[in-house]
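Using this note's numbering, the letters of the sequence shown map in sequence onto residues 1 to 114.
Keep in mind that the hints were calculated from the coordinates and are not lab data. Heads up, a few of these hints could be off.
Stated by the list, open to error - Simulated restraints on C-beta separations:
#1 Ile97 / Gln76: 26 to 32 Å
#2 Ile97 / Asp71: 29 to 35 Å
#3 Ile97 / Arg75: 27 to 33 Å
#4 Ser66 / Val92: 16 to 22 Å
#5 Thr67 / Val92: 28 to 34 Å
Here the structure is a predicted model, which means the values were calculated and not measured. Here a beta-carbon is modelled for each residue, glycine too, at the ideal position from N, C-alpha and C.
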Amino acid sequence: MKCLVSLVCLSLALSGALAMTTTHHPHHESAEKENFMFFYDGITKMMIVHNSHSCYIWPVTADELSTVHTDDGMRQIEVRVFKEIDAVAYTVVPRTILNPSIIRACENHNKDHP
């Protein structure tokens with residue numbers, strides 16, 4: 001009888017251990033990436049920001065205007081835009097009121113990213 005109880009306990013212990021054992025199957029998800037391109041439009045003094053599906057017009061501050069043509073100045077603007085880009089509300093601007101240089105920059109973006 002003692003042997004039977006031990007055998008039942010051992011059986012329950014093994015079945016519980018086997019139930020907790022899982023085989024790990026790695027997930028193969030495609031990597032998500034999004035590229036942003038920055039273009040300073042000297043005519044309108046605006047930053048054009050492209051990603052794979054949109055073209056944004058971003059204001060450049062008076063302080064940034066003096067440094068936009070330097071690597072450090074452009075990098076500072078890019079960092080600021082990255083911090084702000086997901087937190088702001090956007091307005092679709094009618095093409096008819098955009099400066100032609102902005103239209104060209106956004107059209108060139110669409111050619112680069114079908």
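For each hint, the structure was consulted:
One distance hint, 26 to 32 Å for the beta-carbon pair Ile97 and Gln76, holds here, with the actual separation near 29 Å. At roughly 32 Å, the beta carbons of Ile97 and Asp71 sit within the given window of 29 to 35 Å. At roughly 30 Å, the beta-carbon separation of Ile97 and Arg75 lies within the given 27 to 33 Å, and the hint holds. Range check, Ser66 to Val92: about 31 Å between beta-carbon atoms, so the 16 to 22 Å window is missed.
Between Thr67 and Val92 the Cβ separation comes to about 30 Å, which falls inside the hinted range of 28 to 34 Å.
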